[in-house]
Every structure is written in structure tokens, then in C-alpha cells.
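Undergrad: Here is how the chains run, residue by residue.
2 protein chains.
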Amino acid sequence: MNISTHMPPYDTVDAYPTRHPDKEQIIERADPVLWSEWHEGAPISRDEATRYAKNGYLVRHDMFADDELDLMVETARGLRDTDPAERPADFVTEPGSDDVRTVFRLDEHSPVFARLAADTRLAGVAEFLLNDRVYLHQSRLNYKPGFKGKEFYWHSDFETWHAEDGLPRMRSVSASVLLTDNSRLNGPLLLIPGSQNEFIACKGETPDNNHESSLKAQEVGVPQPETISKFARDLGLDAASGPTGTVVFFDCNTLHGSNGNITPDPRSNAFFVFNSITNRPVSPFAAAKPRPAWLSNRDRIMPIDTIDGPITR
Amino acid sequence: MNISTHMPPYDTVDAYPTRHPDKEQIIERADPVLWSEWHEGAPISRDEATRYAKNGYLVRHDMFADDELDLMVETARGLRDTDPAERPADFVTEPGSDDVRTVFRLDEHSPVFARLAADTRLAGVAEFLLNDRVYLHQSRLNYKPGFKGKEFYWHSDFETWHAEDGLPRMRSVSASVLLTDNSRLNGPLLLIPGSQNEFIACKGETPDNNHESSLKAQEVGVPQPETISKFARDLGLDAASGPTGTVVFFDCNTLHGSNGNITPDPRSNAFFVFNSITNRPVSPFAAAKPRPAWLSNRDRIMPIDTIDGPITR
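Which chain is which? The protein sequence lines are A and B, in order. In this text, residue positions in the first sequence follow this note's numbering: the first is 61, and each later residue adds one. In this text, residue positions in the second sequence follow this note's numbering: the first is 61, and each later residue adds one.
Check the hints yourself; a few may be wrong.
Copies of one chain are not kept apart here, so a pair can be met inside one copy or by any two copies together.
As the list claims (entries may be wrong) - Calculated cross-link-like contacts (lysine to aspartate or glutamate; reagent style DMTMM-like; alpha-carbon spacing at most 20 Å): (1) LYS114 to ASP294; (2) LYS290 to ASP241; (3) LYS210 to GLU279; (4) LYS208 to GLU286; (5) LYS349 to GLU265; (6) LYS83 to GLU154.
These aren't lab readings, by the way, just hints derived from the structure by calculation. Here the structure is a predicted model, which means the values were calculated and not measured.
Construct all of the structure, not just a fragment, from the sequences and the given hints.
TA: Next comes the structure, spelled out in C-alpha cells:
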């Protein structure tokens, strides 16, 4: 069944209006964080489900066997080492160098990573969290070099996905699989636990082709510093660190960012955004046209058939 | 006795030639790290002395009473709040704003911080570490804002102080007194333990007025990334964090740096460089003229009379 030709089941009423010309506004979340009731057959423990609902993220260690991790790390290295002449346009390089920084549409460029995305340990968990079948809204492999890794300022992914991609509701979850060890010192993912419960409708209208600059340093669609201070003061701050193979699931509206990294230790991760098939994109809510397909899948919406068992070559 | 009129006791032979036009070179340290033998009357424990000698730094907690800390924090706030019209030239503001970022020659602008510098808990420890009377080569109060605190790349202070200020030998120690809580997440001082034992003679000649750009982002006088990687791999990496009042002593040649800080938590510290009076500056070893006096004291070299007892208003 090609459900991408169906009409979206969510209507196009804007539940989260944002990008006001002159004011920031806080709106209460109108959607669940954890969409399922926990049950015995769930792919995460009851305690994990409770923590995800409360904090808006969940860090899971020891999810993969050593040979699965070796395969992922080796596959990531192979993708980065692709001959520059043969690289598809989804391979983005560092400014002024031939070094690959990001591979977008990762699942289309690598059977190993497509298999990883479909694994019950990723897509299976996403289905449970969202209580629906899921597809990939975005996928990418990130290489952050040591010494000059740059920071990412605080933001909610959903704010952009709603404003610029047209995702109607908060029914998506990101999964980041760490392919390097990540300590508290080499720029780990920072999160504000509980921030997913309020939507910060941001100030500032969306410029045309905003993604061309926002991927480098986001300026539109970010909360005011005072708002982030208030959230951090009230809710605290946490870092998602762990050894290679750690998986971080985080709700689409959880405020997050990361510091730069002057340590010699690079960071690399495979990143998948799972969206509920019920929540597929409509017209952007606050942008003239949708972002390109490599950032925001709207043409190849295929529900994932989850796969159990070890990931092998 | 005004010893600043004496001839420097160290001759002007260059023990650490650096800023080669075309190569980086590693030279073994020719000076002790810990200049004293530990004894019962020493101001630090035997274990602390051993760790300082081995690692090139020492973190000390709980050195000050609550009312001493309150006084320092309040004094720092008062300096920052000085009317812009009345601020001396040593008060440096953020680009594009009136917010004070650094107060140089801190000891000359604040009796409280002059008293702090002279305290046996700072100058007394410095005298012991360097086995000599000491004076202030540099002092400053740093305010690093939350959200946009910038990183400082890896460097040895001594490399600059030798090349650009003319300090002959490795006989100086910095003391940083934290005036805010510093966690592993808001950009603490990162150090490579043991790196003080080798001098990295850097590649690249010194441009005129190098300090005008090097204070923003140092480009000359920094080790190559491969060298830092090797040091970090062989020796490890540590972060000096702790609550307000924590004191970090670090040898002039210990490699250090810090990540940027996107967290809402600002960082502030009072920073003092104690130099042995035997080690006072001669002509710069690798620059056309010395840096200005607010960065590099060469005109007011007054040995400190250390003071015991509580710091009060």
C-alpha cells in the first residue's frame, strides 16, 4: 500500500502557530509525549517509558553487539571515504575541504544504516512511543571533527518541522546512535528535561531558503535567551553521553543543543527522525515553500517494516 | 627595596626558542615544575604538592568562607556595573555592547581583589610552588556570558609569555578563583595533565601587535592539532570544575583550553599570574616589542607581601 497518496489524516488547522513578526509566545502542548500505554510486550521497560514521558528523552546503553557496532563504524568510515568524484549530492563537505561532514538520506545510501533504522531497537521503539506505524522524515550521518566542532544553539526540532516542513502535530521522535564515545567534555547533546511539554512559538518571520543559513547557525525559530534561562532554571539541564552504541531517543519538541568541541575527540552519530504516518506533512505552516527533500521527506513516505535480530553485513 | 631596577638574574640566553618560520619542535622542559621541597610548614599538603608536580595543576575546593566569597562576588558585580562613562581603559567590553567582559590589572582597580591576590592561599601557595618571592605578571577578572561564551583553543601560556613578553624561564603559575559554579557542561578549563613537561616550540613568526587578534582567537603560538592529539592520547584530558570559590593553580606550560558555552550559566573568575621575581621579563624572545603593560607587567614589578587571615571589606 502506498499511503503517501492518501490525504493526511490530521486536518490542516494550525495547532502550533509560530514565527510571529513581533512576539514570542508559550503554548501548552496539545499532544501526548508517550502515545502508547505501557504493556508487557513493549520494547522498553515500564521505567524507561515513564522517564521518556516525563523528561522527553531516553538514553539507552548496550543495545548492540560488538560486531554490529564494528559494522556500523566501518560502514560510516566507508561512506566518508567515498571518492569525491563519485559522491552523491547528499554528501555535504566541510567548507574549504573535501572532508565529508554529513551524509543526508542515509537510509538511501547505505543498506546497513537502512537496516539499522528499521530495527526493532529503533523503529520498533519509535512505533511504541508514537503508537503508530512510522516512516523516516529525515536521516543523516554526522561527522563532527575534533578541535573545531561547532556548537548548536538551543532549539526545538518540531518548531522548524512544523513551520518549514508542515508536520502538523507533535508525533515524531529522533533517534541518535552514537558511533563514537561521547563524554560530557566533547560536546554531547544537552537537553532540558520536561521542556517538551510547552511549545515556544518563536518570534521572527521565516526568510526564503532559511535552511541555507539555519543549518550553519539557526537564527529564526530559536527561543529568546530569557526563555531558555527560565526553562533551565525551572527544569534543569542534562547531557546525553555514553560509549559508542548508546542510543538517544528524544521527542520532537524537547529543547536541545550542544557545545562546540575543542577536544581532539571527534563525534559521529547516525541520526533518524521517525514520524507517525498519521502525521505526514501538509503545506508548511510558516514558510513560503517546504524545505528540500533531503531535509524533509514528503515524496517517499513509506511506513517501515520493522526487523528483529542481529544486524549483519 | 625596589628590585625592579635590578638586572634580571636569568641571563638572556633563549632556553625555549619558538615561532620558527617553518617547523614545530618539542623541547624538553629545562626547569622544575615544583621548585620547593615539600615540608611540614608548606601551604599545601604533601599529596597536593606531588599531584601538582606530576600533573601541572592543582584544584583546591573550600578555600574561602562564605562571607569572603560573598564579598568577592559582590565586588565583581560592582566592577561590572561601573558607569560606562567612568570606566578606566582596562575595562574591556563585549563587541557591540556596553557589557564588561574583562577587567585587566584587576589588583589595581580593586582593593578586595588586590587583597585576594596577596592572600597566603594564593600568593603564599605560589611562593611555595616557585620557591621564590612572587609578583603579578598579569591579573584580570573574566565574565563569560551564558549562551554565547566562546571557546579558547589549546595553548601553553608560557609560549606566549616567553615569545611576546620575554619571561625567560618556566617559573610562573596561574591561579584562577571561580566566582560562579563551573560544571563539566558550561565550558570549564580543560587541561592535559603532564603536558607541562615538554615545551612545544610553535611554528609561525609573530605578526606585529599579535595580541590584538590573539586575545580573540589565537592563531600564532598554538600547537598543531596532531601534536595536541598525541599529547591527549598519551596523557589524557581533565576538566577543572567545582563550585564558587574553587581555586585552580596551573603551571605556565600546562596545555589548556576551554569549550564554548551555550548553557544559560555564565562563568566568572578572578585570574592572577604569579611570576618569580627572579624570572622577570627581558626583551621578548620572538616579537618585535613587548605586549602592552595591561597584559604583561614589566614596569611595576613589586614583590607581594603575603597576608594571612580572612578577607574582609
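Undergrad: Hints first: check each against the structure and report whether it holds.
TA: Now the hints, each set against the structure:
{"no.": "1", "hint": "LYS114 to ASP294", "verdict": "within (14 Å within a copy, 41 Å between copies)"}
{"no.": "2", "hint": "LYS290 to ASP241", "verdict": "between (31 Å within a copy, 18 Å between copies)"}
{"no.": "3", "hint": "LYS210 to GLU279", "verdict": "both (15 Å within a copy, 17 Å between copies)"}
{"no.": "4", "hint": "LYS208 to GLU286", "verdict": "between (28 Å within a copy, 13 Å between copies)"}
{"no.": "5", "hint": "LYS349 to GLU265", "verdict": "within (13 Å within a copy, 51 Å between copies)"}
{"no.": "6", "hint": "LYS83 to GLU154", "verdict": "neither (35 Å within a copy, 26 Å between copies)"}
The structure does not agree with numbered hint 6 stated previously, though it agrees with all others.
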